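Protein chains in written order, with the numbering used here: chain A, 1 to 850; chain B, 1001 to 1258; chain C, 2001 to 2224.
Derived by calculation from the structure, the hints in this document are not laboratory data. It is possible that some hints are incorrect.
[What the hints assert, rightly or not] Lysine to any residue pairs mimicking SDA-like chemistry, simulated, CA-CA at most 20 Å apart:
1. A:K179 x B:R1228
2. A:K170 x B:R1228
3. C:K2115 x A:D647
[What the hints assert, rightly or not] Label pairs and their calculated CB-CB ranges:
4. A:R207 x B:E1031: 47 to 55 Å
5. A:T160 x B:G1214: 48 to 56 Å
6. A:R171 x B:N1229: 47 to 55 Å
7. A:R171 x B:A1199: 37 to 45 Å
8. B:V1220 x A:R232: 43 to 51 Å
9. B:D1146 x A:E542: 57 to 65 Å
10. B:G1214 x A:P541: 55 to 63 Å
11. B:Q1113 x A:R232: 26 to 34 Å
[Claimed, not checked] Under 7 Å between C-beta atoms, here's a sample of chain C residues computed to sit facing chain A:
12. D2054
13. L2094
14. P2106
15. R2114
Keep in mind the model is a prediction, meaning the values are calculated, not measured. We treat Cβ as the ideally placed atom computed from N, Cα and C, and that holds for glycine.
What follows is the residue order along each chain.
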Amino acid sequence: MMLLRLITWPYVRRHRLRTLLTTAGIVLGVAVFVGMRTANESVLLAFRQTIDRIAGKAELQVAAGEGGLPEDVLERVQAMPEVRAAVPVIEAAVGTNLASEGNVLVLAVDMTGDRSLRDYDLESGDEAVIDDPLVFLAQPDSLIVTREFAARNGLAIGSTVPMRTMEGEKRFTVRGIMKSGGLTQAFGGNLAVMDVYAAQMVFGRGRTFDRVDLALSEGVGLERGRLAIGARLGPGYQVEPPASRGRQIDSVLRVYSFTADMNSAFALFIGMFIIYNAFSIAVTERRREIGILRALGASRARIRALFLAESGIAGLAGSLAGLALGVLLSKGLALYISGLIAGVYGIAERTTEIATEPWLMAAGLLMGVATSLAAGWIPARNAARVDPIQALQKGRYQTLSAGENRVRRAAALALGGASLALLLFAKGWTVLFYAGYICAALALLLVSPTVSLWLTKALRPPLRRLRPVEGALAADSLIQAPRRTSATVTALMLSLSLVIAMGGVARAVYDSIMGWTRTTLNPDLFVTATQNLTERTFRFPESLGDQLEEVEGVEEIQRVRTHRIVYEGSPIMLVAVEAKSMGDRVRRPPVEGPGDMYERAARGEGVILSDNFARLRGLHAGGSIELDTPSGPRRVAVLGLVVDWTDQTGVVLIDRASYVRWWRDDTVNVFRVYVKNGARPQEVRQRIVERFAGAHRLFVLTNREVAAWIAGLTDQWMSLAYAQIAIAVFVAILGIVNTLTVSIIDRRRELGVLQAVGGTRGQVRRTVWMEALAIGTVGLALGLGVGAVTLNYVLEMSQRDVTGLALPYTFPWGTAALLVPLILASAFVAALWPAESAVRGSLVEALEYE
Amino acid sequence: MTRRIRVLSVMLPLALGLVQPRAAAAQSAREVMEESQKRGQAASQHYEGLLQVVDARGKISDKRWIFDRLGSHGRSRAVLTFMEPPEVRGVALLVVNHPDRASDQWMWTPAIQRERRIALQDRSTRFFGTDFSFEDLEERDTEQYDFRAIADEAIDGAACWKIEAKPRTGKSSQYTLSYVWVRKDNYAFQLVENYARGALARRLRYSRIENVQGIWAGRVLEMTDVRRNSRTVLTLDKLQYNLPMKEERFTLQALRRQ
Amino acid sequence: MITLSGVTKAFNGRRTVIALDRVDLSIGRGEMVSVVGASGSGKSTLLNLIGALDRPTSGWVEIDGRRLDGLRDDELTRVRRDTIGFIFQFFNLLPTLSCLENVALPLHLRGWARKKAADRARELLGLVRLGARADHLPDELSGGERQRVAIARALAIYPPILLADEPTGNLDSSTGDEILALVGDLHQRLQATVVIVTHDRHVAEICPRTITLRDGRIVGDERR
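So that you can see chain A by itself, here it is in the shape it has in the complex (with noise of 0.2 Å):
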């Protein structure tokens, strides 16, 4: 302690800057670690405190996935004995039109009986709520809204509120507001309450409801009232807890997960060499103190703990700062995971908590120190053995461990042999993949610091002939501290390849989506209910269709229904089309199954998935999977396998004739318009508009508008991807500079001497920034031929553990492109300060410094 507080705090003191930039490495590993899992927690919390008020005190929901429910389904609930109370609900995601709100949730209940479920008022009387409950009922335009809602507004009872339905735009009159609590803080406010048969109407239901929540009676347990209801109810029917409707979330946040957790422990491996290199150059630095110390009597131990000790404060420091930063970020994070788990519910998620889990805490904080802890530890156990004698001979460099070298290029050599053969011989075997990976990683590592040294004394030369001082000067002071370089290097090498890494899948499933876009989703026009192709709010009748082959310049219409439902326990997404139309429209050769499957498909005989479905479940053409219906399990073939991105949790395709047989449902989501040759898609879309507009609520999209969409959206996805390749791209500048400030400390005396016999501050200044640059593109070589590898590693751990997509193999080279120059320009940058304090300082001072 008393070492801590006369040696290692005068040092830190008199290296402010520095000591800021080496915990930065793991303030920002912890902070993207406890950020990204923070964002994450708060969303799926908000998701499920959402809800848990929607829900309020029912304990089951009874679906039919997303078909609805039958209205006699209700009344056999109701006469359950294991039934208390049982009510329909309608929820539908719906437009508002009034400025600066996006979308509400309508939540509609059947308001004489739901009382019993949810507490729509917690303090006082009804009349609150209600201005009337007849008039309520009477009036098919009524709502219920927030206290939330309606102050943001500026709405009281007999407001009008416009929302778009079936019927085009429709003005509600506020009828009741609901006081803060419980079930008014869903969604941030943004939730209105209606009737469930005025809902039936306005949202297209027919006589059917979305689901029915219940409360068991007294004395039947959650799970044994769960199994007796659904055994009651028969196959086809889901029986489950309100927080089970989490589980979509889970699914959709699952690949994002997956990134932001690479990230963290990329974040955090990046920060531990920073901390590395720091330290390493602190001892080379205080060598003369650490032999002062020694010669007045500090043990080795001694010394490796003070250092230890160091190291560990350094990351309690920089993982108490990272937790706070954390935090921050992660209110940024939520709002944008909740942007994009909009799409689940149809309504941005307003997260105003952060759930810091205490957990979460401890975990980033001991990672941090842990990380530091580990980084600190081969410097510390340099220290400890400096020679003291040599150490206080002045002018004297002490060089460590030669044979270390060679230990570790021989480890490297093995584990890259052992990571090849893996690769090579253990395609089916996940265990073996994983530790393919693994190996491949540390051989990288290890081989790093060699590779890196080759190639500074292969810039050397080069480097030169640019310049005969300042490059022979920038390269040899690279080359003569190998291990700071290195350590930089792995740090720029470990960033870049993830940045290859992430901007190669990134570009794969851009190009996935795009060909499918074009090959497989090809009709001319698409007629929606609503703006956007994936919310199934609204609903057309299927009469609808034949309306639409009469316009002129229409040559056919395909009619498609999707359709969540529950494939042994996950969400998967249901896609009825008809199966012939369709399979003589797709031009792309399935992946797996025989050319007419579309027909066979189109008879009945089966359906066709989506590959990455039937990848991650290990499904096949010719193999079959049960389905359950509503009138009953059905197995089915597989016919073969189709790349399909209408949803990312899989797809099932089945013809739409046994769609409409199976589960009782022929309305339609989507049109799939073609138009005939020479008609122009233009015209027909302003036919389809002029004739159908007022009577129906119908948006015409053409082929490129929802292409552009589905673009929008796969950029919304990536754009987290690319805030990630941004600050690896961060942590890679701050590894240059840190490197850089402390080579400038290191060689004061020798930038004074350069100065001294005749060198102009120009050259000073010339000679880092080309230290900087040789740094960067040793770094940039590196960090593109390593990306190269660890994309494979990414894209196959990708296909076999998290999408199941099978992406091709593409290496991002417009992502290189755009690397070179930014990273050498970082470099630059980051040389700018390094240089400016290398020839500001005193040269007396320089010249006699050690």
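Using the hints provided, position chains B and C relative to the given structure of chain A.
For chains B and C alone, kept in the frame of chain A given last:
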């Protein structure tokens, strides 16, 4: 034949009105209740009701409905059609009473051309913002209750029997206990107090007790929700008994044609 | 050749230290002068000011007829580059460069062609009798050899002024004599103005003029 009593019922005074005063010296509590029910017998009933809801803050809202009822109690059917305010005109409630089980109730909403069933589980909730509950619209069998004479008391100057009514099976009603004050002179109800879990929940007070076509009944009913501190006053106008009515009017199909 | 007028140098730390106090000094062309004094008497400060490595707090310095006050940092560098050669006590050779490269460094900094600079460096190494060690790194040389390399580097451009700060301070006495002989020899041959800072009387004695400093003032200026 099962004898029925519409204890605690809105329709009760209307159906029970036709009760002649009789010397009842030492009747048991059950005999009093059965006599009261007998005197209210009528083949059909019609009235126009004015419903005034006074909330805790003293705000009054008015509604009007037309009430028609056909058939002997226990088997009767009733249709209640709202006429005012204009926003609710045409909204109707169909009640089909069954001798052996709880009634079926449907609400008809003309604006969406839809009926909705009022589920059994919801009968304890308030009847469209009034202080009556859906259950209070039902007819209940005297056999479902145990009666006990408590005291002789005068209410509003009229001598009454105070009788305790307890449902025999615990869960058939939201109320666990009721007190009924039956007038000694004409067997009409004067006051009903309903208790839920030991606390007074609703109080129904009858006034302007008049004889119409030989049936004695209160023409003004005031239901107080003690917990919410609000009350609803129902005034019966144009009360008539034994009008000719068609059975078909009291069906869902008839509501849809309306 | 070198003129100091009223030069004061103060260092502002926690308390101000006056290293040089109103020093007036003139050194003619071709003189060989030693500066002696106890530790902290201001000898090194004086040398740094003459060598344009530092600026006086007040007063002015003139080198080769040119006043240094008012020059920008880059102009000072140019003065250094074109008129002054330095010899340091700790040699200050760049450990990463070979002897040849170290000697050629000032030439490269002046933009000499590689070949020409190498030839000159080789010639200079010959002059200090280290022609055979041209490709060695400084670490591979003895102290005396290193100092000879440093001297060769200082002479690279045949500067009119040669400044040496304790050139023998880090060497044993016989090697020190050797170095001094070399400096004397070069002074003779190149007609350079030489200023040697030393606390070694023996070193001072071989110089025709000796200036003695005490507490930042000149207390003796003897010519023999």
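Verification of the hints:
| no. | hint | result |
| --- | --- | --- |
| 1 | A:K179 x B:R1228 | holds, 17 Å |
| 2 | A:K170 x B:R1228 | violated, 35 Å |
| 3 | C:K2115 x A:D647 | violated, 69 Å |
| 4 | A:R207 x B:E1031: 47 to 55 Å | holds, 50 Å |
| 5 | A:T160 x B:G1214: 48 to 56 Å | holds, 53 Å |
| 6 | A:R171 x B:N1229: 47 to 55 Å | violated, 35 Å |
| 7 | A:R171 x B:A1199: 37 to 45 Å | holds, 44 Å |
| 8 | B:V1220 x A:R232: 43 to 51 Å | holds, 48 Å |
| 9 | B:D1146 x A:E542: 57 to 65 Å | holds, 59 Å |
| 10 | B:G1214 x A:P541: 55 to 63 Å | holds, 57 Å |
| 11 | B:Q1113 x A:R232: 26 to 34 Å | holds, 31 Å |
| 12 | D2054 | holds, 5 Å |
| 13 | L2094 | holds, 6 Å |
| 14 | P2106 | holds, 5 Å |
| 15 | R2114 | holds, 6 Å |
Figure legend: structure checked against the earlier numbered hints; hints not met, in rising order: 2, 3, 6.
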